[in-house]
Amino acid sequence: MKRTVRTTALTVGALVAALGLPAGAAHADTATPRIDLRVLVVSDGGPATGAIAAELDAAGTPYTEIDLTRTGRPVIDAGFLADTVDGRPRAKYQAVVLPNDNPFPAGSAEMTALADYERTYSIPQVDAYTYARPEAGLQYPTAGGYSGSIDGVEAQVTAAGKAGPFGYLEGAVPFEDNSPDVGESYAYLSAPAAGADFTPYVEAAVPGQSKKGSLVGEYRHDGRRELVVTFVYNRYQQQFRLLARGIVEWMTDGVHLGASRNYFAVHVDDVFAADDRWNSELNCTPGDVDCTDPDAEPDPIRMTPADVDHAAAWQDEHGFTLDLAYNAAGSVEHREENNGADALADRFVAERNRFRWINHTYTHAFLGCEQDTATVPWKCATNADGSTKWVSRTEIADEIATNRVWGEDAGLPLENDELVTGEHSGLKVLPQQPEDNPHLALALADNDVAWLASDNSRDPVQRQVGPATTVSRYPMNVFYNAGRAAEQVDEYNWIYTGRAQGGSGICEDNPATTTCLDEPLDPATGYAGHIVPLETRIALGHVLANDPKPHFIHQSNLAEDRIAYPVLDGVLDGYDALFTDDTPVVNLRMKDIGTEMRRRAAWAAALDAGQVTAHRVGGTVTVEAPDGTAVTATAPAGTTSGGTAFGEAYAGGRSGWTPADGGSLTLALPSSAALPGTAAEPAGQAPATAPAPDTRVPAGVREQVPPAVRD
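Residue numbers for the sequence shown follow this note's numbering, beginning at 1 and rising by one.
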């Protein structure tokens, strides 16, 4: 059974006024077209249209993709684009995305059909990456403009862009320059053509000149609207990630299915415990199962009360809350060895309400198979019949319950259905343990665990483990066994350089690892000069990608040199410099992240199954989805439901999830909301065929993915 979610129609008078129709025509409601809330993406296989499609995927915005390179693809004609439903004209797509302003051969009937469709129904068109030319509302770059690399350039949002689709940005749009050897961003900078109704939204200075050229702008002509983008990009690049929200808001007039936020959460594992230190002579970590030198003594790293005070003050400064995953045995053992004293635990407990807390098991025991450490790497121990020896259900349940009881006694503000196991153990880990410990699900049920952390580098897809749903976490490449910057650099050099340079050769054996070094980092400058910028860029990339998954570090990284903070500062301070106050970082706790991910999965499944439809008739939007499915949507500020504001305010609009308990939801769009279905200007000729964009330009550097790090 489908549930219908409807918005309240504007009053007849308001609708007539908005459409500019004579009052006597108001009764002819079937003349107002129906606009389906779906985007048409016409792709040439290039990175620009792929990036926009990825943005729609992440937000949960439905679209139909036509691949121009595929034989047997549907023909884009009037019947493909529009029809009539119940006597009312229907536009099947609320926006059109093209690879450039005209990707078809000269005289193409398909481009003519698209132009007629856009003109008739006031459908916006995005030119994902096009050459600057008069047909796109711009002068040729040879007329005092520029064609070439803009790596490292800082573009700016114009006043019109801030008043329009890019109002969530403070103004700066920095273009990446990650490698001097790779061209990452090619662009055409140009001024509007003479007489063209062209409004630049994002500009950059023309090299060697005082004037600026457009990178993103709106071209109005012949009753049509185009968003003209004249730089190449891919889905991972920061410049696209900054502008992606505005591109979608422009082409949907701020009304669409799906929603986007910028999320950041940081879990700090092993709180109260101590993490063993990297040994630069042995190139391993004494105390770790894979460091077998019999004479090596562990050298623990543990926070101090001063580190607690620093963490609390840092949170206050940034308006951000850390999630502390704790192992109570670390404090119990410390008191046993220090005549009952543990100043660290005392300080944390005194400041407990300033942090969020997660059960990380009592001793941080490995909860998968029993480990046979006689060889490096370790392997799973086996029974006489060859079957795997598993840590028992009782042992797992005791680790969870004992830690929980300690936390409750200490007054920690816990959510008892959240759990992070030591090293994400109990879950499968390749190559040694290709399946979950079969006792894990039972022990989770014994303790009413609903949300279980997993390592995104090993287990990225949300899944069920008994009663629990996994929450994948990104490992930050700030090592658990480093409390000082020099230790981090030494281990980094060992991992990421070749054998001839004194490294481990891991990169030589795994050429897909993109963080490999050409030469070892300088111990004095390598952390601040290389590791911090790289890890900041990777984490900020996740934040800007509408990705709610948390990141994790370790308590050792908040001790001694406090090496995590430069990365965290880089993310949060960098973010604050880019976004306005109404577009804050969303800092959720683990169970709320899990809920968001689960809703998204259900929504994506409903979209893939064709079970969701949505359309707009003037000021009325109707959504149909399976009963019990939460619906995600974005609408302009001022949208209400039952007299109260719809969703949550974010980035100048309103967005959120509807309840999934059946029934109906009524939304009222503000009278100021743009109404599709009205032509902006008189009709004219369709544009001429555009030359293909410069395909020689590199698409940029993809995200560098760090290897798994020990939890």
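It is worth saying that the hints were derived from the structure and are not from the lab.
Computed from a predicted model, the values in this text were never measured in an experiment.
Hints may contain errors.
As the list claims (entries may be wrong) - Listed below are the simulated SDA-like cross-link pairs for lysine to any residue, each with C-alpha atoms no more than 25 Å apart in a straight line:
(1) Lys162 - Lys92
(2) Lys212 - Asp276
(3) Lys212 - Ala159
(4) Lys92 - Glu65
(5) Lys389 - Ala374
(6) Lys92 - Leu430
(7) Lys92 - Lys428
(8) Lys212 - Tyr263
(9) Lys428 - Pro377
(10) Lys379 - Asp316
(11) Lys212 - Gly144
(12) Lys428 - Glu336
(13) Lys212 - Ser147
(14) Lys389 - Leu430
(15) Lys389 - His439
(16) Lys92 - Thr120
(17) Lys212 - Pro294
(18) Lys379 - Pro294
(19) Lys428 - Thr580
(20) Lys212 - Glu624
(21) Lys379 - Thr363
(22) Lys211 - Gly164
Okay, the hints, checked on the actual structure:
1. Lys162 - Lys92: Violated, because 30 Å separates the two Cα atoms, which is more than 25 Å.
2. Lys212 - Asp276: Violated. Lysine 212 to aspartate 276 sits at ~55 Å, over the 25 Å cutoff.
3. Lys212 - Ala159: 14 Å, holds
4. Lys92 - Glu65: 13 Å, holds
5. Lys389 - Ala374: 15 Å, holds
6. Lys92 - Leu430: 46 Å, violated
7. Lys92 - Lys428: 45 Å, violated
8. Lys212 - Tyr263: Judged against 25 Å, a Cα distance of about 33 Å means the pair is violated.
9. Lys428 - Pro377: 16 Å, holds
10. Lys379 - Asp316: 45 Å, violated
11. Lys212 - Gly144: With a Cα-Cα distance of about 10 Å, the restraint between lysine 212 and glycine 144 holds, given a limit of 25 Å.
12. Lys428 - Glu336: 34 Å, violated
13. Lys212 - Ser147: Given pair lysine 212, serine 147 holds - Cα atoms ~13 Å apart, limit 25 Å.
14. Lys389 - Leu430: This hinted pair holds, its Cα atoms lying about 16 Å apart.
15. Lys389 - His439: 11 Å, holds
16. Lys92 - Thr120: Holds: lysine 92 and threonine 120 sit about 13 Å apart, inside 25 Å.
17. Lys212 - Pro294: 66 Å, violated
18. Lys379 - Pro294: 19 Å, holds
19. Lys428 - Thr580: 42 Å, violated
20. Lys212 - Glu624: 46 Å, violated
21. Lys379 - Thr363: 21 Å, holds
22. Lys211 - Gly164: 22 Å, holds
Of the numbered hints stated above, those contradicted by the structure are hints 1, 2, 6, 7, 8, 10, 12, 17, 19 and 20, listed in ascending order.
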